[in-house]
Amino acid sequence: MRPPSYWPFVVPALVVVLAIIIFPWVFTIWMSLNEWKVGSPTTFVGFSNYLRLASDPRFLESVVHTIAYTALSVLLPLVLGTFAAVVFHQKFAGRGFLRGVFIMPMMATPVAIALVWTMMFHPQLGVLNYLLSLVGIPAQLWVFHPATVIPSLVLVETWQWTPLVMLIVLGGLAAIPTEPYESAQIDGANLWQVFRFITLPLIMPFLFIAGMIRMIDAVKSFDIIFAITQGGPGSASETINIYLYSVAFTYYDLGYGSAIAVVFFLLIVALAAVMLYARQRMLWTEIASDA
Amino acid sequence: MVDTRISRRTLLTGTAAAGALSLTGLPARAEVNWKKYAGTKLEVILAKGPRGDNLQKNLKEFTDLTGIQVEAEQIPEQQQRQKVVIEFTSGRPSFDVVHLSYHVQKRQFEKAGWLADMTPFMKDPNLTAPDLVESDFSAAGLQYAKNDKGQMLSLPWSVDYFILYYNKELFAKKGVAVPKTLDEMVAAAEKLTDPKEGIYGFVGRGLRNANMAMWSNFFLDYGGEFLDAKGNILTDGPEAIAATKLYQTLLTKTAPPGVAGFNWMESMASFTQGRSAMWIDGVGWAPPLEDPAASRVVGKVGYTVVPAGPKGQYSSTYGDGIGIAAASKNKEAAYLLCQWAVSKQQGARLLQAGGGVPFRNSILGDPEVQKGVKTKEWLQSVIESGKISKLGLPVVIPVAEFRDIVGAALTATLSGADPAAELKKANDQYRPILERSEKT
Amino acid sequence: MTPRQIIGKIGLWLSVFVIVSPAILFFLWMLSLSLKFEIDNAAYPPVFFPEHIAWKNYADVLASNRFLTYFINSLIVTGSATALALMVGVPAGYGIARMAAHKSAIVILIARITPGLSYLIPLFLLFQWLGLLGTLVPQIIIHLVVTVPIVIWIMIGYFETTPLELEEAALIDGATRWQVFRHVALPIAKPGIAVAFILAVIFSWNNFVFGIVLAGRETRTLPVAVYNMISFDQLSWGPLAAAALIVTLPVLLLTVFAQRQIVAGLTAGAVKGG
Chain C
1 MRPPSYWPFV VPALVVVLAI IIFPWVFTIW MSLNEWKVGS PTTFVGFSNY LRLASDPRFL
61 ESVVHTIAYT ALSVLLPLVL GTFAAVVFHQ KFAGRGFLRG VFIMPMMATP VAIALVWTMM
121 FHPQLGVLNY LLSLVGIPAQ LWVFHPATVI PSLVLVETWQ WTPLVMLIVL GGLAAIPTEP
181 YESAQIDGAN LWQVFRFITL PLIMPFLFIA GMIRMIDAVK SFDIIFAITQ GGPGSASETI
241 NIYLYSVAFT YYDLGYGSAI AVVFFLLIVA LAAVMLYARQ RMLWTEIASD A
Chain V
1 MVDTRISRRT LLTGTAAAGA LSLTGLPARA EVNWKKYAGT KLEVILAKGP RGDNLQKNLK
61 EFTDLTGIQV EAEQIPEQQQ RQKVVIEFTS GRPSFDVVHL SYHVQKRQFE KAGWLADMTP
121 FMKDPNLTAP DLVESDFSAA GLQYAKNDKG QMLSLPWSVD YFILYYNKEL FAKKGVAVPK
181 TLDEMVAAAE KLTDPKEGIY GFVGRGLRNA NMAMWSNFFL DYGGEFLDAK GNILTDGPEA
241 IAATKLYQTL LTKTAPPGVA GFNWMESMAS FTQGRSAMWI DGVGWAPPLE DPAASRVVGK
301 VGYTVVPAGP KGQYSSTYGD GIGIAAASKN KEAAYLLCQW AVSKQQGARL LQAGGGVPFR
361 NSILGDPEVQ KGVKTKEWLQ SVIESGKISK LGLPVVIPVA EFRDIVGAAL TATLSGADPA
421 AELKKANDQY RPILERSEKT
Chain G
1 MTPRQIIGKI GLWLSVFVIV SPAILFFLWM LSLSLKFEID NAAYPPVFFP EHIAWKNYAD
61 VLASNRFLTY FINSLIVTGS ATALALMVGV PAGYGIARMA AHKSAIVILI ARITPGLSYL
121 IPLFLLFQWL GLLGTLVPQI IIHLVVTVPI VIWIMIGYFE TTPLELEEAA LIDGATRWQV
181 FRHVALPIAK PGIAVAFILA VIFSWNNFVF GIVLAGRETR TLPVAVYNMI SFDQLSWGPL
241 AAAALIVTLP VLLLTVFAQR QIVAGLTAGA VKGG
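Line order of the protein sequences matches chains C, V and G. When the letters of the first sequence are read in order and numbered with our numbering, they come out as residues 1 to 291. When the letters of the second sequence are read in order and numbered with our numbering, they come out as residues 1 to 440. When the letters of the third sequence are read in order and numbered with our numbering, they come out as residues 1 to 274.
Calculated directly from the structure, the hints in this document are not laboratory data. Hints may contain errors.
Stated by the list, open to error - DEER-style ranges, computed between Cβ atoms:
no.: 1; chain 1: V; residue 1: 311; chain 2: G; residue 2: 69; range: 54 to 62 Å
no.: 2; chain 1: G; residue 1: 49; chain 2: V; residue 2: 198; range: 21 to 29 Å
no.: 3; chain 1: G; residue 1: 130; chain 2: V; residue 2: 229; range: 44 to 52 Å
no.: 4; chain 1: C; residue 1: 30; chain 2: G; residue 2: 69; range: 33 to 41 Å
no.: 5; chain 1: V; residue 1: 71; chain 2: G; residue 2: 24; range: 42 to 50 Å
no.: 6; chain 1: V; residue 1: 71; chain 2: C; residue 2: 93; range: 24 to 32 Å
no.: 7; chain 1: G; residue 1: 68; chain 2: V; residue 2: 196; range: 31 to 39 Å
no.: 8; chain 1: V; residue 1: 190; chain 2: C; residue 2: 46; range: 54 to 62 Å
no.: 9; chain 1: G; residue 1: 178; chain 2: C; residue 2: 30; range: 38 to 46 Å
no.: 10; chain 1: G; residue 1: 69; chain 2: V; residue 2: 135; range: 44 to 52 Å
no.: 11; chain 1: G; residue 1: 72; chain 2: V; residue 2: 120; range: 39 to 47 Å
no.: 12; chain 1: G; residue 1: 87; chain 2: C; residue 2: 5; range: 17 to 25 Å
Said to hold, decoys possible - With a Cα cut of at most 35 Å, we get these calculated DSBU-like pairs of lysine-lysine:
no.: 13; chain 1: G; residue 1: 103; chain 2: C; residue 2: 91
no.: 14; chain 1: V; residue 1: 168; chain 2: G; residue 2: 56
no.: 15; chain 1: V; residue 1: 60; chain 2: V; residue 2: 376
no.: 16; chain 1: C; residue 1: 91; chain 2: G; residue 2: 190
no.: 17; chain 1: V; residue 1: 36; chain 2: V; residue 2: 60
no.: 18; chain 1: G; residue 1: 9; chain 2: V; residue 2: 300
no.: 19; chain 1: G; residue 1: 56; chain 2: V; residue 2: 371
no.: 20; chain 1: V; residue 1: 376; chain 2: G; residue 2: 56
Claimed, not checked - Quick look at which bits of chain V chain G covers, simulated, 3 or more residues with Cβ under 8 Å:
no.: 21; segment: 63-76
no.: 22; segment: 269-283
no.: 23; segment: 290-299
no.: 24; segment: 394-402
For clarity, every value in this text was computed on a predicted model and none was experimentally measured. Idealized CB from N, CA, C, for every residue including glycine.
With the hints as constraints, model all of the structure from the sequences given.
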């Protein structure tokens with residue numbers, strides 16, 4: 001007799017999720033094959049919305065911005081979050097309180113946070129340039145210049161979401177057994193070696209989860225960019241999601257917007273698949289090395 | 001809060017006068033039957049702002065007058081526009097009365113047929129007070145409210161002119177006169193700019209999309225027209241290039257660093273802190289500029305019309321209206337509300353609070369109403385602007401695309417791009433969009 | 001203490017300082033903004049301690065007559081969306097981890113990957129057709145696309161690291177899969193559930209894109225309502241910061257409260273791991 005399967009555990013969640021997303025998806029895919037500007041009748045146009053994408057300079061530019069923004073917004077929080085987790089894994093006075101303070105940025109409502117940052121970035125009146133002037137660094141233009149706008153936005157994104165990575169990695173650190181550290185100490189390994197050869201491999205699965213969540217959120221990042229720059233200056237920080245918003249909700253070009261949504265989705269799926277594949281490979285190599 | 005107290009007091013005296021006028025001014029024979037729709041319930045969706053405030057705050061008066069119950073809510077402009085469009089699209093909007101931005105939504109609403117025709121209501125003496133006649137609205141207002149068949153699809157509510165704000169103290173310090181022409185303005189701005197002190201001659205919108213509203217002042221002054229007779233877009237011609245060069249000079253040579261990302265908000269911050277000497281934007285900013293809790297330039301602000309260009313002097317004009325959903329079941333009651341919203345009493349309150357400018361000449365020109373306005377110089381700039389008013393954006397469906405695409409070209413010139421090349425590129429990108437939307 | 005330990009201590013505190021100061025500075029600045037009049041908020045050089053404190057920034061936000069309604073709406077929406085997500089998500093995370101069924105994980109992820117904006121119009125039309133607009137149901141349902149994937153994803157991670165021996169032993173003793181899950185796996189996974197719960201609450205609480213279109217006058221959640229209170233007609237950093245702090249307060253309190261829970265859970269995890 002085959003042992004009973006685990007599917008009954010999974011099915012309710014699958015049903016709930018599918019029930020919510022199926023209609024929007026059918027609707028979106030259908031609309032992407034139509035020309036539909038709100039207020040006008042729809043006409044079936046086949047794949048011409050998709051063809052239009054390929055020659056739309058704003059869309060192509062937004063893909064580049066999205067990738068740059070995402071890469072930075074995944075890497076920086078992963079590195080800093082891991083560092084923070086290692087620090088908070090130590091025992092010291094006031095740890096609980098400080099950890100609470102550290103995760104506050106991700107608790108606060110993003111839109112409001114973003115608006116406060118906008119004011120802090122103000123080149124003439126902002127508090128950031130004031131702080132820089134105290135240590136003798138010349139005033140920066142931050143989000144007000146095309147060259148620095150994406151890094152500045154990533155700064156906000158990193159500030160807000162590093163705590164999430166920290167929380168997940170912290171969970172991983174707590175699960176690490178203490179023996180390897182003890183033997184490493186006997187072998188006289190330094191801090192970096194301990195981290196690199198003991199801690200890092202053990203928290204890899206957690207870094208993957210954190211990286212995946214971060215990637216999906218960063219690609220779709222909306223509140224921060226929208227509230228601070230609305231894609232500007234010019235279109236220097238216009239990501240796919242911001243462009244999608246413009247097309248669907250200010251141009252009301254719902255057919256074209258749906259096509260962007262579909263392509264955007266496929267892009268995220270591709271990125272997620274790459275990460276999952278990498279993770280699977282890692283698991284296999286781990287098992288192989290265990291054997 | 002000193003300021004609110006003062007403005008409330010002036011408001012009260014002003015409206016008392018206005019109220020008395022409108023009551024006694026009515027001829028007895030054509031009495032509107034205000035109570036006819038008593039008990040009706042109306043839903044109203046408003047964009048957040050002084051117009052919405054002014055309506056919502058005084059709704060009780062309307063209910064007392066008509067017995068009509070009104071549920072109104074204000075939503076920030078951008079979300080309000082989205083919500084309205086999505087609800088209209090669904091065919092069953094949850095509201096009877098809608099607040100719209102003409103410069104963005106006029107053509108879209110007309111083409112989709114979302115608004116009810118008010119023309120018959122306006123002709124009905126049982127529904128319309130005798131002082132409300134078409135000819136009382138300014139030309140821009142009628143241009144906005146009427147479709148090409150001449151039907152009134154909304155009532156023009158509040159007009160927004162672009163004016164020049166300037167800091168009198170900074171002008172006096174450098175001995176600069178108020179500029180009358182665009183060239184004088186550039187010269188003045190250069191003279192007033194003093195980066196070492198952190199003072200700049202000019203500030204204004206550099207941010208894509210928002211910047212179009214300011215740029216169009218220059219464009220119109222250089223003799224620009226948005227569309228030719230066949231409806232082709234004309235924003236890459238010599239007028240546009242000249243206007244863009246001016247825009248580029250002002251915002252790169254005499255404006256604070258980072259202005260490419262400024263909307264009105266950042267511009268106002270710079271101006272209220274006394275760090276920019278001139279600012280061109282909509283008329284609605286007098287209240288915060290004169291509010292001691294928000295501004296360091298109280299009493300030092302000069303208000304005047306936008307300087308003249310080589311081909312004339314125009315003030316870019318935008319505006320709000322209030323209309324009735326075509327799907328509403330309570331159109332007559334909704335009409336009474338719209339009428340009340342643009343009434344003399346409500347219009348006077350709006351003007352006196354500095355929150356907007358009524359489209360109706362009988363309100364703006366009324367000495368009693370004018371008496372209640374706190375800043376006379378501001379009022380003068382409003383009245384003068386009304387005389388040189390010209391729509392600041394093309395009346396087409398894809399307005400948002402226009403503002404984004406041409407606006408991005410303008411922003412690009414602020415980092416050194418060539419105006420002619422950028423405008424041409426933008427035009428090439430925009431033309432097919434315009435053709436696609438107008439052909440159907 | 002050896003010199004090496006002292007250097008270690010200094011290094012640790014320096015690290016803590018570097019990590020925590022951006023958050024502290026930002027929130028202090030925000031608090032400062034929320035207590036100042038606009039004239040001070042835009043001043044340069046910045047004013048940190050105002051002469052006149054603007055308590056009215058808070059009074060204005062709280063004075064809004066429907067504040068309590070919006071707060072309760074938020075509690076209902078976030079509470080229901082999180083509770084439902086835990087109910088279906090924790091078992092699903094368990095099942096997926098035990099089967100190593102990463103394909104179904106991807107299906108769940110689709111919900112999270114889908115650009116939020118593309119849900120809005122179809123779901124608005126659907127809920128209008130179902131006659132559910134004007135109730136909180138649409139928002140609870142749409143918040144599930146945020147909460148369910150988060151819960152499942154976190155739980156997969158935890159269940160993958162919990163040891164199988166106990167579960168196998170229980171199975172051999174004749175327990176059903178459900179009993180094993182309920183009595184063996186679930187208790188061990190408590191820290192994971194705590195983290196999943198907190199993240200689900202945060203993501204749901206702060207979400208406001210969905211509310212713009214789906215919420216009406218009576219069904220608005222707190223973030224949407226507070227965002228609406230913010231006037232864009234003039235500079236209003238003070239009220240904005242005050243509003244933001246008020247909205248954020250419930251989640252901050254939750255963090256402080258749940259902090260112990262997490263720490264306790266993590267310690268348990270460490271014991272188990274060792």
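To see whether the hints hold, each was checked on the structure:
1. Range check, residue 311/V to residue 69/G: about 56 Å between beta-carbon atoms, so the 54 to 62 Å window is met.
2. A hinted range of 21 to 29 Å holds for the C-beta pair residue 49/G and residue 198/V, which are about 23 Å apart.
3. Between residue 130/G and residue 229/V the beta carbons are some 49 Å apart, a value that agrees with the proposed interval 44 to 52 Å.
4. Range check, residue 30/C to residue 69/G: about 37 Å between beta-carbon atoms, so the 33 to 41 Å window is met.
5. Take residue 71/V and residue 24/G: their Cβ atoms lie about 44 Å apart, and the range 42 to 50 Å holds.
6. Between residue 71/V and residue 93/C the beta carbons are some 55 Å apart, a value that contradicts the proposed interval 24 to 32 Å.
7. A hinted range of 31 to 39 Å is violated for the C-beta pair residue 68/G and residue 196/V, which are about 53 Å apart.
8. Take residue 190/V and residue 46/C: their Cβ atoms lie about 56 Å apart, and the range 54 to 62 Å holds.
9. For residue 178/G and residue 30/C, the hinted distance range of 38 to 46 Å is satisfied, since their beta carbons lie about 40 Å from each other.
10. The beta-carbon spacing between residue 69/G and residue 135/V, approximately 46 Å, falls within the hinted interval of 44 to 52 Å.
11. Restraint check, residue 72/G to residue 120/V: a C-beta distance of roughly 45 Å satisfies the suggested window 39 to 47 Å.
12. Remark: the range hint 17 to 25 Å for residue 87/G to residue 5/C is upheld by a beta-carbon distance near 20 Å.
13. Proposed proximity of residue 103/G and residue 91/C is contradicted: the alpha carbons are some 39 Å apart, above 35 Å.
14. Between the alpha carbons of residue 168/V and residue 56/G the distance comes to roughly 31 Å, so the proposed pair stays at or under 35 Å and holds.
15. Annotation: proposed proximity of residue 60/V to residue 376/V holds, straight-line Cα distance about 30 Å (limit 35 Å).
16. About 22 Å separates the Cα atoms of residue 91/C and residue 190/G, which keeps this hinted pair within 35 Å; it holds.
17. With a C-alpha separation of about 17 Å, the suggested pairing of residue 36/V with residue 60/V holds against the 35 Å cut-off.
18. Proposed proximity of residue 9/G and residue 300/V is contradicted: the alpha carbons are some 57 Å apart, above 35 Å.
19. Taking the CA atoms of residue 56/G and residue 371/V, the gap is near 31 Å; set against the 35 Å cutoff, the hint holds.
20. In summary, the hint linking residue 376/V to residue 56/G is supported, as the alpha carbons are separated by about 30 Å, within the 35 Å threshold.
21. Using a Cβ-Cβ cut-off of 8 Å, 5 residues of the segment 63-76 of chain V lie near chain G, which meets the minimum of three, so the contact claim holds.
22. Counting residues of the segment 269-283 of chain V whose CB lies closer than 8 Å to any CB of chain G gives 4, which reaches the minimum of 3, so the coverage claim holds.
23. Against chain G, the segment 290-299 of chain V contributes 6 residues with a C-beta closer than 8 Å to a partner C-beta. That satisfies the three-residue criterion, and the hint holds.
24. Closer than 8 Å: that is the beta-carbon criterion, and the segment 394-402 of chain V has 0 residues meeting it against chain G, so the requirement of 3 is violated.
When the structure is compared with the earlier hints, violations turn up for hints 6, 7, 13, 18 and 24 and for no others.
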